[in-house]
Amino acid sequence: MSLGWPAELPRRGAVLLGLAGALLLAVPAFADAYLLSVLTLVLWLAYAGQAWNVMMGFAGQLSLGHTLYVGLAAYVSGVLFVSFGIGPWLGVWLAIVIAAIAGGCIGALGFRFGIRGVYFALLTIAFAEFTRIAFDHFAWVGGSAGFFLPVAQRTTNDLLDLRGTPTMFYYVILALTAGALVVCRALLKSRLGYYWLAIREDQEAAQAVGIDVFRYKLLAVVISAGLTAPAGVFYAFFYNNMYPEQMFAITRSIEIILGAIVGGIGTLFGPVLGAFILTPLGELVTAAVDRAGVNVPGAKQLVYGGLMVLIVVFLPDGIWPWLARRLGLDGADRGPSS
Amino acid sequence: MTRSSDRRRPRALSRRQFATGALAAGTLAGLGAPAIAQAAGLRIGLVLPRTGYLAQAGQSCFRAAEIAPALLGEAGVKVEILSADFESNVELARARTEKLINDGAQIMVGCFDSGGTSAMAQVCEQHGIPLVINIGSAPQITEQGYKTVFRNFPTSPQLARNGLALLKDLFAATNTAPKTAVFMHANDTFGQSARAAFDQLVPQLAFPFEVLDRISYDPRAQDLSVEIAKAKATKAELLLVTTRAADAILTVRELVKQRYEPMGVVSPGSPGMYDEQFYKTLGKYADYCITNVPWYDPKSALTGRVAAAFKKQFPSDPFEAHAFNVGFTYEALLVAAMAYKRAGSADPKALLAALRQTDIAEHMMIGGPIGFDEKGQNNRIASAAVQNRERRPTVVLPKAAAEQAPVFPMPGWAQRS
Amino acid sequence: MAVYLNIVASGLLTGLVYGLAALGLSVIFGVVRVVNFAHGEMMVIGMYGAVVLAGWPGLDPLLAAPLIAAFLFAIGYVLQRGLINAFIARPEHMQFILLVGVALMIVNGLLMIFGPDARSTNVEYGFETFEVGALLLDKARVYAAGAALLTTAVLFAFFRYSRPGKAIRACADNQLGARVVGLDVEGLYALTFGLGAACVGIAGCLMALVVDVRSQLAPEYTLLSFIIVIIGGLGSLAGALLGGVLIGISEALAGFFLLPSMKSMFSYALLILVLVLRPQGLLGKRA
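Protein chains in written order, with this note's numbering: chain Y, 1 to 338; chain P, 1 to 417; chain X, 1 to 287.
If you're looking for bench data, these hints aren't it; they were derived computationally from the structure.
There's no promise every hint is true.
[Unchecked claim] The calculated lysine to aspartate or glutamate pairs, modelled on DMTMM-like cross-linking and capped at a C-alpha distance of 20 Å, are:
(1) Lys139(X) with Glu261(P)
(2) Lys168(P) with Glu143(P)
(3) Lys284(P) with Glu128(X)
(4) Lys280(P) with Glu320(P)
(5) Lys280(P) with Glu128(X)
(6) Lys284(P) with Asp184(X)
(7) Lys399(P) with Glu261(P)
(8) Lys349(P) with Glu362(P)
(9) Lys299(P) with Glu320(P)
(10) Lys399(P) with Asp169(P)
(11) Lys280(P) with Asp184(X)
(12) Lys179(P) with Glu237(P)
(13) Lys139(X) with Asp117(X)
(14) Lys349(P) with Glu320(P)
(15) Lys311(P) with Glu74(P)
(16) Lys284(P) with Glu124(X)
(17) Lys299(P) with Asp213(P)
(18) Lys311(P) with Asp347(P)
(19) Lys312(P) with Asp103(P)
(20) Lys235(P) with Glu276(P)
(21) Lys147(P) with Asp184(X)
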């Protein structure tokens, strides 16, 4: 089973990647604020989906409570900023550590006791929900009334404190997403990546060969959780408010993984592609429904659900492997014609 | 031995591949394309949660948008309302606001949810476009130093204070003094701020009752039998509640089932007990519950006009059930329209200056003339005691706006008809 | 004292209905081995069904239950045969994704049809209580619990004594063996899924007696069913019922002694404990 990802990127792929990157870099020059806000959202989902992908796609562990790490990171960095004046570039490290510890606890608990598959998924949900209710009662961070970051006039860019224009935030999330791709590529090609591949394909065989399954699975969870944390920090400083009911909601967990599923679990570009497909699709559906003048709540989510079903039935590997084949990016042998 | 494939040159993108890519890029760019500009008049961008968990309220608010252009036209202002649904989702609130501004909105109104409103405020401040908040009570929004935000709705501390103060008026008007009370609240934004205000104000306002217990429940709970059992166990004479919609119904139903008959069920300021669904489901048991909440002045001429327009547009919807949401949303649109009229232009700076001068005496909700302080907050909005009578929300206090006298204590459950 | 009794009784009654819902999941999960993440959604279909039937032909949910059961049986059967069957051999996360997609479609479809407002079945006895000594028992809850017990008994009998029931148990115990013996495994799986769906449909119908219906309730019911099934023990019908009652009572007591708003925290904590310490649940067999 291939990841749709060859060991070396063919030249055509590098060119496409370069073009896409250049285009994304140039967006603020020609795009209006609306498009910029949509792209920021897309990139955020791409980043978070990519982080989730590490756990699911690379190590085969289904996490349905990934928003736990987003929420924890958001609150940690928010509180550090508001109560202690510590900026996001420092705060993110503590956020990463705390998210990683949370992931580590869940992973350790799960794997130590041999919890797999849907049980593990339920474990992740339970932790996320438990944390949600806990934060609802956590008066110091505002409880269910929400936690607000002070917002200042934003015509100047203060990169250090992440106070600035939407364009600044766009570049930050673009950099994060690019960084995630780099990190994931490095992980995939490392020994760790191959251990994960082995564990994902056949856990018992991997164990038989001498791979310390517990340790590497745990590492996958910890890395995935830590990688998700910057998404939470970004959220805190971009939206400047957070409520437990929204931050730790299972709907957000599902939102994060939708892109990765549609794009292709386990692939490098899957989550990014998926996010780029889903959000604009959602906007189109909403716009179409608006234009038709019909008042149908839920049309967008219905389409998302339908898309999930279609993908998993017809293109279970996701859209990216299929697209890569069509574009000839997977390095497959093709005759001179076609 | 080499194979022919090794010496293949990389092929250029085929035409079809390029076309597909262009289509994709074009679609993406097309999303940002603004709508065609319309004729002169004020373009108001209205963001509401018409889907998602706030859908009920958002749809209710939206009805104001459907009747406003005609009514405002009669008042001499031409407005065009561009509306968007942010799906009860904070991230989308930002994106939708950007879209409407992109489409040419000159002033924004929204959005019922404090998280979404905060996002809208940030975008509006960024663009220098005014935002008039119809409903949204988080105090932080007017504490951020925004220059473009105007809120025609009380903050949650104000809501709580007004609501609690009305309790004393209620006791005075009915010559009663319950000796004990229990406070039940949903553990959400409203509930928590009500609780905080409650704890702070109860000693200050010198109520006749002693608070025996404070019960906080999960707003998602499907079953409040335990909570009501706890309340009943205190044998308190007064039940104070802060609810959302579904739990209001559950609360009263459990009260009937468990045969707990306090002197009254009073909310110091929350939705639920005056909702249409509340009446439909509880029937005769819905009566006599009191909610202290900002409300429309039944004696105001504007209310009459809005009610008439509403009944014409929505003949099968009871006006009272939507009046709260429609009233505040209409007032926000009115504030925007009047500012435009005063400014004579839709230039953002002119609009902002005009908004700061707002002084609207003839308006719909109970309270002094609409005007904003230096933070953009309207501090003159009063709360009214709204009691359910004959399955209709009826203003009973303050006396000036009252339609009927309050009934307190309420008749027992068995005596209802 | 009376307060505690009332609370425990109320928790018990509600727990029985939850147990019925979980039973449906246990049947599906235990036999077909499919992760039915659309379980709560099917329950909500049953709830809306009860509301619709209570509205226009004025059918009491207790009487409407068999109709709803048949309707959901058909849905479950077709879903399994047409869509899910192909996924049985696939990795679990694929099943999960498929069913989450189905769940999303159901929830939003219901939202589009019925709107966001809460709907009620408005039964006349909805406000009445039975007085048994110091106990005040909610009439609607008592009827619902009674019907749940009845349905459970019928299901037990079906699995124990009827031919298809025994065939299904054979499939669950040993799929290969069942095939060898000549059982139509696909057909039995579809039958089982249909039964599970019918079960949760009845549970939904009964729940509509006590609760107002909104489509957003669905994910909570899915989670609740999974919690109960895991605590009670996968594959054990009695376990599902026991788990339901346990959750019902413990949530009620937790709500009373701790903060009621922390009720659910307790259930999640219990789930985590069970997953960690005794994953086969209270009455389940160790795999």
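The hints, checked one at a time:
no.	hint	verdict
1	Lys139(X) with Glu261(P)	holds (19 Å)
2	Lys168(P) with Glu143(P)	violated (30 Å)
3	Lys284(P) with Glu128(X)	holds (14 Å)
4	Lys280(P) with Glu320(P)	holds (13 Å)
5	Lys280(P) with Glu128(X)	holds (17 Å)
6	Lys284(P) with Asp184(X)	violated (56 Å)
7	Lys399(P) with Glu261(P)	violated (27 Å)
8	Lys349(P) with Glu362(P)	violated (25 Å)
9	Lys299(P) with Glu320(P)	holds (14 Å)
10	Lys399(P) with Asp169(P)	holds (10 Å)
11	Lys280(P) with Asp184(X)	violated (50 Å)
12	Lys179(P) with Glu237(P)	holds (7 Å)
13	Lys139(X) with Asp117(X)	violated (25 Å)
14	Lys349(P) with Glu320(P)	violated (37 Å)
15	Lys311(P) with Glu74(P)	holds (17 Å)
16	Lys284(P) with Glu124(X)	holds (12 Å)
17	Lys299(P) with Asp213(P)	violated (38 Å)
18	Lys311(P) with Asp347(P)	violated (35 Å)
19	Lys312(P) with Asp103(P)	violated (30 Å)
20	Lys235(P) with Glu276(P)	violated (30 Å)
21	Lys147(P) with Asp184(X)	violated (72 Å)
Comparing the model with each earlier hint shows violations of hints 2, 6, 7, 8, 11, 13, 14, 17, 18, 19, 20, 21; every other hint is respected.
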